[in-house]
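Protein chains: 2
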Amino acid sequence: MRRIVADRFRRLFNRSFLLHRHHHNHNHPPFPASSSLTSHYPFSPYRFFFSTPFSSMASDSPFPVTAQNINPKVLKCEYAVRGEVVTLAQNLQKDLLANPGSHPFDEILYCNIGNPQSLGQSPITFFREVLALTDHPAILDKSETQGLFSADAIERAWQIVEQIPGRATGAYSHSQGVKGLRDTIAAGIEERDGFPANPDDIFMTDGASPAVHNMMQLLIRSENDGILCPIPQYPLYSASIALHGGFLVPYYLDEASGWGLEIPELKKQLDAAKSKGINVRALVVINPGNPTGQVLSEENQRHIVDFCKQEGLVLLADEVYQENVYVPEKKFHSFKKVSRSMGYGENDVTLVSFQSVSKGYHGECGKRGGYMEVTGFSAEVREQIYKMASVNLCSNISGQILASLVMSPPKVGDESYESFMAEKGNILASLARRAKTLEDAFNKLEGVTCNKAEGAMYLFPQIRLSQKAIKAAEEAKTAPDNFYCKRLLNATGVVVVPGSGFGQVPGTWHFRCTILPQEEKIPAIVSRLTEFHEKFMDEFRD
Amino acid sequence: MRRIVADRFRRLFNRSFLLHRHHHNHNHPPFPASSSLTSHYPFSPYRFFFSTPFSSMASDSPFPVTAQNINPKVLKCEYAVRGEVVTLAQNLQKDLLANPGSHPFDEILYCNIGNPQSLGQSPITFFREVLALTDHPAILDKSETQGLFSADAIERAWQIVEQIPGRATGAYSHSQGVKGLRDTIAAGIEERDGFPANPDDIFMTDGASPAVHNMMQLLIRSENDGILCPIPQYPLYSASIALHGGFLVPYYLDEASGWGLEIPELKKQLDAAKSKGINVRALVVINPGNPTGQVLSEENQRHIVDFCKQEGLVLLADEVYQENVYVPEKKFHSFKKVSRSMGYGENDVTLVSFQSVSKGYHGECGKRGGYMEVTGFSAEVREQIYKMASVNLCSNISGQILASLVMSPPKVGDESYESFMAEKGNILASLARRAKTLEDAFNKLEGVTCNKAEGAMYLFPQIRLSQKAIKAAEEAKTAPDNFYCKRLLNATGVVVVPGSGFGQVPGTWHFRCTILPQEEKIPAIVSRLTEFHEKFMDEFRD
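Listed in order, the protein sequences are those of chains A and B. Heads up: the first sequence is residues 120 to 661, going by the numbering used here. Heads up: the second sequence is residues 120 to 661, going by the numbering used here.
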């Protein structure tokens, strides 16, 4: 039995390897190449096979479930944002607590994940007032409540409670979310885009991740179904494609032109995939970009829409950073707006837009609210999407309420309007300053170049590593960027994610660093990073 | 292309059919038989193939995604609790609103789903106080707060906020859930069971459903992997097994002995599945039972634990109704407690226990809180479970907080203790009365027998239908139980779920009805049901 399993693993691995080993020395290979222990190109779904050799797996396990007999798709899936470096960081944090002074830093700074409130960002008062009141509507008409909550929060909470059938804030809702809240969201989309939105197109979800999984589950039938994904990409996509057994068809963002998304590259990769028998079903576009921070121009978006229409692809638009744009020359445009402004109607383009309450200026990650707006599907397929939603009953109501608030914040004249605008403005302005300071700091480092974060919450600097550093990484049986990031963590307490977790052009090395540490901490971070980097470069100078 | 897809469907269907057509005329067939249009035995994963003939599918669809080219596992999946009858009910509700008086009832009574607050049950005050305070901790030290909230709710909210790293109630937590809240839950399990629980074994989830999906995803590699499921079962299990491409191996609960779970039946079905080349990976046990309401005896549970141990099966214990026991002669025992009391330690039995905040006396369905306690897995498999959790970042924090409250409610001496105990006691006592009243009413109907609801939230009466009724259903191209339930809905506004959605012994017909309508409405429901049933029986008398 064990032999059979091991054989199966080898076949799986060999198959991937065969599919991937074309165009080996090309700068933008049509498929990820994976040729040596240290080169996890362009991302590393095979790390498991390297890092856990079969011989070290449990053989006569007392357990009925072993790494050899679980779903190999689970084994294959990787999620670097909470991967090896983060586990190391958690261990360091425990160690710091147990043995203060044992490391050259006093705290771990988690720059690995877009989790603003974990780094000290305060929640938006109005949002939390409404959430508290809808959680405990019994206090809505108490006199003390007037003294504790703003008048418009009380009014909004009443409205929301009335929108929920039977005022039952603790009931499962409609599987797509409370109808009244979807009405509010649709109205918010209309106001944003200037084009109509239909509340029946909204599926509310626990953050954007389950929505992405649902779409992958719907579209992927076998490993011959491919999804075009940007490289670098947010690893939710590679993880979800792996879990659902599909094929990630990479397209490369052009680092030299500020992570440009170019149609000829899309076309080239699509054709290469087709010629290998892959049915490409969908194109993932992340705008503003994660981990890359670029904001697409409207013209570029029009070309993308036309590409999807011509090629019969579903456009999966990750638009969770729509509020996070930091440069005056760029503006967020939703793909739905772009598509409608091109004259395409309901049935012309198949488009799913993902939104989340975790990002924006509010960063309410822990609330797990979000939605997808689903357009251009036939009635029979929509029925299937609805069925998938209904199996999980509904998303959490607090998250649903928050998603409605995000799409319909206080308006001019509301009691909270000014304080809300001040909170929002301060956060966004500060994020823009932090992005610029960190970008400048990275660009000052030897061998490092860093594109601007026009939007989103990340910088993705490239580090040119010496042969000596690459060799040292190889000896440590890890990828060079992973080697660098672990060294950085051990020296400074700063947690960043190696580029190999997102994918990168073979032979280049990057890391993703959030712009989220509080502003007063940025100078210290910069000096720690700089000091570490100089020492590292000196140590591994060829 | 269309031809290939259609062929593929036919192959899929034929394969299922071949696997299922053994033991045709047996009362408890080892595999579901499916032989005619009207017989969806024991549940109906194939209804799609009957109800949507290929010829009626869109052919020259303008959409790139069609019912012919989506994941066939999605097509195969069914979830009757929100299925056809519920869609009909929603349409009737809209119609009632638009045209009052157009139907012989004024309201739709949703007895299809365990959703207590949607039918008027009030939330537990203490739980909602703590949720509101942790949503808006800024008011925790305001003087007005003392007047609005109980002292122990304020104290508990402080404790919880302090347990969250950085007091960041809006941050993503550890992927398993906030450590401090897991500590509380583990302590609650210890108090319940009298055996230790480890907070590192707790994975907090958005309700129990995602936890079940995670386990299915982990265990199911292909259609040759089987999961032993009770028939009747809660259709989350059949849906999840279908979505993950596994094989549901049914075992029949014995209706005559009050839905008894018998080891010889388990063994027979396991052996039959093995002989067909199915690798049976796990046994699902729902205790208290859904839709069947039985509460297992400790002796029976010991035999089940030994069966799993001997056969190398993962025991997937759905224990979400652990607070819902209505008869003095029965008591809930967790499988973990039973297993530990037999002397089995951490590594002897592989057991996953699912818990949810949606059920119990509190019924907080909309909060989507829950957890699984995962024991008896190797470190390397646990790592994979952790990785799957981390891809979705974390479950919602309000749900996490609520799960901690459910496992650690107010104690003697706390300010809220007496009012909490009164709220809890009233709800549970009322549920017990409602269960008994409805059970008695069903048993008075001609041709209906109904086992006692010892626990959970449902009754699952059997209706003996005449040949004439069965023929009428056949003519209406639907299953006889579906036919009955639709008639019932149209006549009374009462929504129940046909037994075919849960599975039943071939040739028997049931429906599931919750015990949740508010007590004052029960007499009217009983008289409407009785009147409908008498007319139905008269109309279809052979």
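Simulated from the structure, these hints should not be mistaken for lab results. Some hints could be false.
Which copy is meant is left open, because identical chains are indistinguishable; a pair holds if it fits in one copy or across any two.
Heads up, simulated DSS-like pairs for lysine-lysine below, C-alpha to C-alpha not over 27 Å straight-line [said to hold, decoys possible]: (1) LYS395 / LYS192; (2) LYS261 / LYS428; (3) LYS543 / LYS596; (4) LYS386 / LYS298; (5) LYS395 / LYS555; (6) LYS596 / LYS213; (7) LYS640 / LYS213; (8) LYS563 / LYS590.
Structure-based check of each hint:
When the C-alpha separation of LYS395 and LYS192 is checked against a cutoff of 27 Å, the pair qualifies both within a copy, at 21 Å, and between copies, at 25 Å. For a Cα distance limit of 27 Å, the shortest separation of LYS261 from LYS428 qualifies neither inside one copy, at 55 Å, nor across copies, at 57 Å. Taking CA atoms no more than 27 Å apart as the test, LYS543 paired with LYS596 passes in neither setting, with 45 Å inside one copy and 57 Å between copies. In this homomeric assembly, LYS386 and LYS298 never come within 27 Å of each other (Cα to Cα): the closest approach is 40 Å inside a single copy and 47 Å across copies.
For a Cα distance limit of 27 Å, the shortest separation of LYS395 from LYS555 qualifies neither inside one copy, at 43 Å, nor across copies, at 64 Å. Taking the shortest Cα distances, LYS596 and LYS213 sit within 27 Å of each other inside one copy (25 Å), while across copies they are farther apart (63 Å). Taking the shortest alpha-carbon separations for LYS640 and LYS213, only the intra-copy value of 22 Å comes in at or below 27 Å, while the best inter-copy value is 56 Å. Proximity of LYS563 and LYS590 under a CA criterion of 27 Å is satisfied intra-copy only: 25 Å inside one chain copy versus 82 Å between copies.
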